[in-house]
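> Listed here are the chains, written in short residue letters.
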Amino acid sequence: MTTSTSLGYLIALPLAGSIILLLAGRKADKWGHLLATALSASSFGLGLYQLSQMLRLEPEERAFTQKLFSWISVGTFNVDAGLLLDQLSICFVLLITGVGTLIHIYSISYMSHDRDRRRFFAYLNLFIAAMLLLVLGDSYLNLYVGWEGVGLASYLLIGFWNQKPAYATASKKAFVMNRIGDMGLSFAIMIAFATLGTVTFAGVKEASESASTATLTGIGIMLLIAAAGKSAQFPLQAWLGDAMAGPTPVSALIHAATMVTAGVYLITRSNFIFDAAPTAQLLVVIVGAVTLIFGALIGTAKDDIKKALAASTMSQIGYMTLAAGLGPAGYAIAIMHLLTHGFFKAGMFLGAGSVMHGMKDQVNMRRYGALGKFMPITFVTFGLGYLAIIGVPPFAGFYSKDLIIETAFNAGGVKGILLGSMTLFGAILTAFYMTRVMVLTFTSPERWEEDQHPHESPILMWLPMVVLAIGSVTTGYLFTRGDALVHWLEPVFGEHGEHTELLPHKVVSALAITAVIIGASIALVKYQFSEVDAEAPNKVSILTRLARKDLLQDSFNESVFMRPGQVLTRWLVKGDDNVVDGTVRLVGRTALGAGAELRRTQTGFARSYSALILIGALVLIAGIWVITQ
Amino acid sequence: MEFIAPSLNYAQLAPMLIVLAGALIGVLIEAFAPRASRFSSQLFITLFALVASLAALFQVRNQSSVDAAMGSVAFDGAGVLFQASILVIAILAIFLIADQENFTALAASVPGSDEEREAVQADLRVTEVFPLTLFAIAGMLLFPVASDLITLFVALEMLSLPLYLMAGLSRRRRLMSQEAALKYFLLGAFASAFFLLGIAYLYGYSGSITLSGIQESVVGGAGNDVFLLLGVAFISVGLLFKVGAVPFHAWSPDVYQGAPTAITGFMAAATKVAAFGAILRIFYVSFANAEWQWRPAMVIIAIITMVFGSVVAITQRDVKRMLAYSSIAHAGFLLAGVIALSKSGLEASIFYLFAYGVATVGAFGIVTLVRDSSGEVGDLNRWSGLGKRSPLLASTFALFLLAFAGIPLTSGFIGKFSIFSAAYESGSTSILIAGVLSSAIAAFFYIRVIVLMFFKDSVEDGTSVIIPSALTTITITVSAAVTLILGIYPAPLIDFIATTATFIR
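Residue numbers (our numbering), protein chains in the order written: chain A, 5 to 633; chain B, 3 to 507.
No lab work stands behind these hints, which were simulated from the structure alone.
Note that the coordinates shown come from a computational prediction; the quantities given were computed from them, not determined experimentally.
Do not rely on the hints blindly, as some may be mistaken.
Derived list of chain B stretches under chain A, where covered just means 3 residues or more per stretch with a C-beta under 8 Å from a C-beta of chain A [as the list claims (entries may be wrong)]:
hint, segment
1, 177 to 188
2, 230 to 240
3, 290 to 296
Glycine residues also receive a C-beta, built at the ideal position from the N, C-alpha and C atoms.
Just chain A, same shape as in the assembly:
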């Protein structure tokens, strides 16, 4: 551990930006976006500097801490507002500020016609600050502040165009569903404090070695609920699709690259808890596996390009969660997939934004087609991201997904075969729906509406896409060369022992590539080489219909949670009216009645007052007499 004094600036810079932009008002309209971008970029620069500092030290000493101030001090309970920058958080810092800065640049152009562009950038900076706090906090309580902060920023940005009621509703939905996860996190903190007496990562890690499995399982399950809420994992996944109501850069930054991966961060950060609580760990795997299939199935049926990408995000985070649930073997791989995904998915979202920019905000892919000719740069960058996500070697996604599939198979026994097969099936689905997106948008014959003149986006928009595309191509190779990332993260996650390999590495790769070929071929046959309707066909299988309705996630929520919840609320209101308020009213009435009676003693006559004094004195004497005798 090394103390540092500069960590706070990482957060302070974007936070200052957001405050300045919000307080300066319309005066800042001219330069606000530039300031926000510059601050985000300087935060990135600071992150790079911190990385260089870390590289100069021995692996065990690379963790930096900084105590900002003493936050809570009640009796024996002390929480400092402290920051922790270690090998895990630096990955996130660079991802958040790096991708964040690119998206700031992109937004300058994307939002140039919006009269509230300054407010948009203020929120973006707020998000960056909160997200950095989330990953830099040295305790669950500090993390919680950032956790709520990104929830707020996400809410503000999803509902940025809140003049449309549907968008405002979407932001509310995201907020409410996130609350469930937040409850999980607060319960986890409470359990940790009540049983372990500390909420710092280091303290909990130390205490977890002697804590009971039941406690750790409880904390673990609560953390999982938190992660599921923030990362749109089953069963709290329903908000992510609607969150696409926000401007596309927001979808790229918050709902693809960074915030939605906070759950994965939480689980990997709490590795010491899950390692000691196998039940909770198994639940993590199950949630991840279910979500990866669930999201992929939804993705196959979506015609809205952003919703298709959102479903894909859900599914890809499912992969990460699954990997994180596989214990020491999987943590680093989960983070690796998280980072590569951050590049290619952000790039594709920006590409989608670029397409929408050229197509008058049309999002229906059935109204696209043949756009590759008109938007060559978007086509190429999106295409590179596409190759990365479906897992074509040597693009980034191939390396990370391949490792997840391999680790899943190596989990051992029936579990391993089951998980391995699910990840492979997920890979087929991924290849299918992503090829579908690609083909419908760029290569199939055009099905435009009247009066469309697609064109390439300006340089400020395509430049970030190019940078992200380069990342999508190279990062996988860089991270895996000599197991670089795994070794980098070893001080945080511990070394993982050798596993008995169920299948040789080459076989897994071959299987994965076969899965890609199968999925992509079906999609090509169905969409490239046969006629595509401009209107979504109605005569489709029940499965498609279900997938179009997000596998009934909303109906499920309504019937399982909302209606019983409403009934419960009605009963509670009744109970509150009759029992609680009733008691209060009874006390009030009694007091009022008593008061009305007692005030009659106040006759206004001096003679009755003095009589009262006399009687009082006599009673007092009698009282003392009785007591003393």
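Assemble the complex: chain A is given as a structure, and chain B must be docked to it using the hints.
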């Protein structure tokens, strides 16, 4: 016969002497100064005397002696704190009293007579109120430091007599004001008689009139216990009358309502500090060892007082009567500090008295501002919607009410919390329960006023808030600031009280 010159510690007596000197100069001004210059010179002399007194007190704040005036005055930390509280409250109250709109033009005139009309037309002022106030303050300063029963009685009369007069000085509803003054005087005289009787019995019991002499007898246990019993009971009647504890409270709603509001504020705040100072001294110093005798009775009186004050306040429709009953309830809460009979009880009581006194002056200051064409509007129903017309004033009043109710972030919460915990520590669980319950009841009527001001539609009947004079503004602002600061950051004052508050024996 040989005459022994009394040895007096002038430095320690200076705070009282300065106030008395100011009062005497005031009398001379009334007698000789031209009418036009009286008001300004009186105000100046009064404020000067009070500030000088406070400064003199500050000089001797760390001294203590039983012998400041031949054994009649005990000068100690607790005494300093009581005197300082009284002086601060008095300065705040003087600013309100300086707003002469509230006072009759000529106190001696018959209400409704030609004489009164002429006096009003001549724009006469009762500047006598300033020396009267100073005399009362001098009595109040002496009351909590008196260490023999005769001095105690003299102080009691010295603070009471000017107050009787001042209660009758109201400009409007003069008959009611004079009735209140007369009632206060008659009942006060009655209570004084009890007090004197108590002194006689205690002298009979111990053969001494000093508090420490009585304590020695109690410890020695030599005297006739019946005399002690009667003495404690009668003295208590006299003192409990002054603080308005049930069943000796009946005067207070009538007097609070009838007296000019500025006087009510002064009386409610400063008298309470002085009287509780004396009660605490007597019970902590003289009767502490006879605790088994008086404590159960005092517990019952405290509980009845809290509950009665809170319950009856609910039905009040006049703001001053409501505040009067609230002050009765507060007397009950303060008795908890007497019953605690511990150092923490004493500290809590001093903090409570100061916090309550300041908030009370501020609250009555606001009452003087809500008026219609015929003077102050006491009817609470006509205060409805005030928050919409005068948000600042209504918010400040709400702050004082919240302090009375003991809501956190106000001084009232800290006061109530510390006084109840002191009572609980000393084993008086019943006080704690009754205190919390009656606080809950009390919160109801305080908050009802807040609801009335902020959430009801306003009535259009000419009720308006006048623009306060600069002095009134100072009083209200300072009171509000103190109430808030003591609620948020009470530590310095609490620490200061903790290091200072002791009774010397």
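> Check each numbered hint from earlier against the structure, then list the numbers of those it violates in ascending order.
none
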